[in-house]
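Trainee: Here are the chains, one letter per residue:
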Amino acid sequence: MRRIETDVVVIGGGATGAGVVRDVAMRGYRAVLVDRADLGQGTTGRYHGLLHSGGRYVVSDARSATECAEENVIVTNIHADAVERTGGLFILPPEDPQDFGDKWWQGAKDTKVPAEEISIAEALKREPRINPHITRAFAVEDGAVDGWQMVWGAANSAKLYGAEILTYHRVAKIIREEDQVRAVMCTDEKTGEDVQIDCTFVINAAGAWAGEIAAMADCHDVTVVPGRGIMIAMNHRLVNSVVNRCIYPADGDILVPVHTVSIIGTTDVKADDPDKLTIPRDEVQQMMDAGEVLVPGFRKARAVHAWAGARPLVKDGRVSAEDTRHMSRGMSVLDHADRDGLKGLLTISGGKLTTYRLMAEHVVDQMCEQLGDERPCRTAEEAVPKSEEGKNYVVTHRLEEREEDRLADQIICECELMSRQSYVDLLEAQPQATLDDLRRQLRLGMGPCQGGFCTTRAAGLALEHENIDIERATGLLRLFLKNRWIGLWPILYGDQVRQTALDNWIFQGTLDVEHLPTPDEELTV
Amino acid sequence: MTDKSYAEEQLTRATLDHCVKCTICETACPVSAVTPLFPGPKFVGPQAERFRNGLSVDHSVDYCSSCGACTLACPQGVQIAELNSQARAVMKKNHMPLRDQLVSRTTLMGTFMTPVAPIANMALDMKPVRTIVEKVVGIHRNAPMPTARTQTLAGWLKKRPKPAEPATRGPIVYFHGCAGGYFETETSKKAILVLEHLGYEVLVPKQGCCGLAQQSNGLFEGATKSVLKLCEQLRSAGKDLTIVSTSGSCAGMLKHEAHEIMGVNAEELHDVGARTREMSEFLLDLYEAGELDTNFERNDITIPYHAPCQLKSQGMGMPAIALMELIPGVSVVESGQACCGIAGTYGLKKEKYDIAQAVGAALFKMVKETNPDLAVCDTETCRWQIEASSGVKTVHPIWLIHQAYGLPDPR
Ligand SMILES: Cc1cc2nc3c(=O)[nH]c(=O)nc-3n(C[C@H](O)[C@H](O)[C@H](O)COP(=O)(O)OP(=O)(O)OC[C@H]3O[C@@H](n4cnc5c(N)ncnc54)[C@H](O)[C@@H]3O)c2cc1C
Ligand code: SF4
Ligand code: SF4
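For the protein sequence lines, the chains are A and B, in the order given.
Each residue of the first sequence is one higher than the one before, counting from 125 in the numbering used here.
Each residue of the second sequence is one higher than the one before, counting from 1275 in the numbering used here.
Warning: the hint list may mix true and false statements.
Claimed, not checked - Partial chain A-side listing against chain B, Cβ under 7 Å, derived:
no., residue
1, E524
2, E527
3, R622
4, Q623
These aren't lab readings, by the way, just hints derived from the structure by calculation.
From the three backbone atoms N, C-alpha and C, an ideal C-beta is built for every residue, glycine too.
Okay, chain B solo, but in the shape it has when bound (with noise of 0.2 Å):
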């Protein structure tokens, strides 16, 4: 039996008979409820799957984000988001856009773009290059683009110099994810120094893409591959040590995703996936196991906080609000949506770029009215999104616990 027939025979299509037709699914996604275009979960989910057959005649399910709101809120246990991915990787397992492909092999992009950093920057700052972009890939020409970084964390790791502390708690491995290796590599460091000031041996092994992106575009094969070429990476640097990831929606790919929507059931995967903590739960088990180092600095702040869809999918609730309140003078905003719109590649695209911005409006109103200088968010693209539409600078939970324990800014 290949990994597709289990993924499609097996695990989710058989939730599909839970479904009682309530409509809660309905009420709850974020896409539904701005566009006509998109018929809603339970449509495209658990009704449509029973004509499908394995073939796709309903494209109209492509306009589904993959946000999870809908599998979260169901209160009968059918895994609707789940459904129409895989509905979608029939859909375009014949007919890709090229575009699909670019945004989904996501290593690729940062690294084929690091040495020309300055260059990429600014022609994907150019507004009549990203209209080309626009009309021969289908990538938005407002969509948030990742700014690529001159060095990449793993050329930081080299060139810095070792930690002054020996480490006291042993080993632990951390998990960027590609953003946070190529684009968005200030976290990483960030979180770097943090797990090393609570002791921590930090091992950083060479690591692939998760193939997350694309696994969302539909691309199960290529991203079976990465995921589990990834997951060889990360049990390279030790058996049994704890995986910690600054990525959340990149954890929940190696937690749940892969297996759930592709099926992937390989031993590695369940291996890794079960030692991977997403970096707030990781570091709140520590406070509630009475080792977390809460010597904290004041920082009198209210914060809007938004926990990506792709976060509260992983059920392990929002553990970063409870992290950051344990700074003193913190006050934590939840944001209260499901969704900001982007949902890893679906808002860069010029078809849904419309319908992204509109899910996520309520949430840059809020966020500018709740604090116009700082938003905090856990994933990288959530994050892109949230500034470039509401102007506000969003950072990932671990800047504020690595400022309050007065650490040195990365060099």
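Just chain A, with the same shape it has in the complex (with noise of 0.2 Å):
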């Protein structure tokens, strides 16, 4: 058994968690992050890709809306080289309540959310594929954020400031002595050891498991309902800038550009546990369907992949658990010393991405103040480690690289155009990553082909800098397949199906990938 002490282990590498250990590192403490998988790999991971501008929440949620036009910019900032700035609109399709486009307008004014009425040519103008007939359109400050960019930022910085991060290392006990957290208890998933850090405070920021990590404490009938929500990414940018849908907010009704691709979603339904979230294909008709009305011909356009993801929102016992997305989205932080007589243990959950700063810095404070230190939060003034320069992202500065290296380097995924050199230098870095780790961070097999061409170009490669054994590599190969099937299935209509034919003629006809020499145990990690 491996033993650390620390201060403070924050239990959940999603933004939340990122963003706590690092306001906890800033403001003096020892900590520790730990997650079961790689960072992002939760909710994180599985989203929508917007950094609201509030507009979505002028009528529904008013606090919201101000948070999140506040957080927007400060997460433009400090977080530059994971947001593009690609702007947003809001535009009322005539087939839906007009009386809407003049309630978001106060709403916007109410709540302070930046916003312009901009006329129908001049929307049309800035996005010439979106629907010709709507009646109104208002620009917003909407940003698209890369979600593992963002959270390998924030825990780059926290690292900077002395904090430890611990990926692969699943939570399985809180030890406790008496009325006071003592230790956490993890194991160690890439080798099987078990690890006990012992700290003072245990920050609980595992999301849509949050519960579950409470009830390990002994802290019961912690309930957070998972809200699960589809996406679908459209092989290229259908968009430019973000596009909503004048409505209250409802499934399918925002279409954000991330990277190359173009995301539809969401849906909301209630989940009964968020490791098994499906993608029904009722859903994904509802997504195209929507999608059409936002933008005329959706239905006939490529989709590249789809996920679900679980919104981790804490029953409140105001509505009825059925319908999540009129539950508060705002952040709710639970303390345990209150509720349950155990001391240095809070649940920090719910909120959204965009605002998870802001939750971290809520949680912190309440931290401080249970530790009767007077510390202050700093996270909104530094930037993190690459976005010091404030440069924000462009979706053009792939290829501009790869014109600028074409004739030096080779590319290993055509689609997301990832050079070798990128890959290679990661994977010195992390010896022990799979592809899908790799994945999260360079784009490895996100773009049209999901992997068809690059998973072998990738696995030979780890065999040949890692000195990892043939079996793994295979393992490797084939997990990551397995991996990007899962999101293949509910969306094998049009150019995909063709896609995913000469990807499995590839794979089944010419490499037999199912019948290679087999580990006794498939690879998981």
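Starting from two chains that each stand alone, build the complex the way the hints lay out.
Mentor: Following this line, the structure appears as structure tokens:
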């Protein structure tokens, strides 16, 4: 067993946990973050990609709207390399309630969400593909944010302040000494080793799994209702700014350009288990129909991947548990000293990725209060590493880089223009990584062919550079393909069918991947 | 909605959704086969386009010659060459070398060269002058340049005697293209004589440039104006008349390129495009309908034939081969090469000249080996390229037809 000593353990490496560990470390505490998987593999890696302007909530949730508007500015600055300042539109299709336009406009004023009404002609000039029959259009400050880039940015910033980031460490138990938290017990998922982290404080930021974690400290009945939402990435940017349907928040009302794709979403259905999220066919159709309202011809466009995420919504008893959309999206902090008589444990849940920093600030403030320390939050003022220059992400950047190095370097993932060098460098830094771990940072296999051409190259390079054995290389290859396919089955129509057919011929016909020499147990991490 | 946004947003870009990354287009591209400077059609086409967002950051797309071999080869229907042309238009919007404007204003060059033709030709033949031209405007000193004639086609039409026989088949419109009007007037004259021999009343309305050269140099605004003006001019000759052209590439501009690449969606373009026939296509149609006079004089000859890339993209096969082989004794050997390298004005540019020569090398060799005295090709710039680089006289297919009908040389 390995033993580590620290002040604060943060459980959960999503946006919230990464924000918390950064804040804790910046306030001068020793901190360790643990996640059972890679950073951003929970909801933070399965969300919509929208850096809210607040516009979505100006009517339904005024407080969230204002918070989003304020945090939007901060996150755009401190995470410049993760945020693309796309701008956004709220468009009112003719078939929707027309009086919502005025309500929305009034709401934007009341909540101080920056907005401007623009002419239909101007809206069509900005986004030529949108529904030309819309009756009103408002411009807002929506952006697109890469959740992984953001989380890694926060984690790397925390590391600069001395924090330790332990991925693939699953929490099994929180050890208490009477009414005080003493340690967190984890299993290192890569080695199977037990790890005990002695500490005086634990912040539970396990999102949809926060209830399970609280129970590990014998704090029961923390109900986090997972609200499942599906999203579909379309093959290219059908729009270059965020396009919102100007209606009361509903399903499939937002189209977000993120990197090279545009993402339509989402739905909201109560789920039983955040680890078993389905992508039902009727919801896929629902997204296509909703997309068609925003962009005529949408149904014929190519979808490349679908996924589902679980909103971590803390049940507040005000609405029925079936209807998660209308529960508070606001953040909630549970103080287990008050609730369960256990000192040194706070649970933070709910909220949005856009407001992750503010959530962290709130919970760390509360921790400081409990500890009797006065240490102010500084996370809003300081940019994370690689964002110091304040240059925001632009979609053209990889094409520009490949133009520069096209005669000197190879391209491994052609769809996402990922260079061999960037891949080999990251592999060196994270030799234990699976191809999915690398994908989240490099976009390996995330384009139209969904790993059809790059998976073998990536596995081969891993074999060449890391001295992993052939069995692990095979395992990596198969695990990656399996995970890609989870997001392909639900959208097998149109152009993507041809792609999957070709991919299938390559992997089954030519390489016969299903009959390669198999390890006793299929690789999972 | 402007035409440009229509082009960029609606038509071609959507076809990138069909790409399955099979790489077949890469194997068809004559440019990436000869230079590592060009990343190839799959890369600059469906891949790079996903990253562009209306901005231009990848100047290597300019190495694409727009030959269209990739689009023709793609089994999934991706309009790769068209995507590239559009990307180039964005790239050149703010930064346009003088040369690209000059070589693309074909009529302009023709009109100001004609009255001073001998001087212009002499100047263009003189090494020192060409070296200066290369330095100043970037046209390679060895690039083939058109020879200006002392008399334009319009001048000839005005002066020549009226046809002896009255027309028996009604009127037809002849579209000669800039080269056929100013530089290669011989081809135009022979075409008119053949059509008249077949009984047509040949109408040759005043006609400007189709804008193809501007289009392939990314100057969409000017090109759109030109092509629409041309459509009006061709329409002025009469409603519903068939329009025949000996300029394969200009016919392609009317038939599909102006619409597919620049998104021009005007009624006059669709009208003219639908009525336009490439000369060999037109004659072969007549033959298939049993209406072509096949009373040809025998000509025992083996001819190398190269179908220009822009003709292949019209998706009509290679009618010239079947047409020429109607002449007893004629045996046509198809070049089997995608492109001669010139691709309109591409091979004229100093930074592209060597690439263009490498692209055409196999073709030049094949031409020389097949017949050192005569080759056939349907498009002017390609003929100039083949002639300059192989030393073999290269003519339009109509020359053989004209000769086989025993028609007199045009006076
Ligand atoms: C469909 C959908 C779309 C959304 N779209 C947007 C949007 O566009 N914009 C926006 O701002 N917000 C959006 N959100 C909300 C936002 O994604 C979430 O609020 C945010 O990502 C939550 O982050 P988190 O860190 O709290 O949770 P998570 O990212 O889920 O992090 C929890 C972490 O805990 C870890 N964990 C669980 N159990 C254990 C254990 N036993 N041991 C160790 N670690 C454990 C998990 O592995 C996980 O990484 C969306 C949410 C959904 C569901
Ligand atoms: S148009 Fe010709 S040169 Fe350009 S990419 Fe296609 S095949 Fe290559
Ligand atoms: S553009 Fe066509 S030929 Fe080229 S890789 Fe894509 S599908 Fe294949």
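Trainee: Hint by hint, say whether it matches the structure.
Mentor: Now for the hints, and whether the structure bears them out:
1. E524: holds (4 Å)
2. E527: Holds - the Cβ of E527/A comes within 7 Å of chain B, reaching about 5 Å at its closest.
3. R622: Hint on R622/A: holds, closest Cβ of chain B at ~5 Å, below 7 Å.
4. Q623: holds (5 Å)
Checked against the numbered hints listed earlier, the structure breaks none of them; every hint is satisfied.
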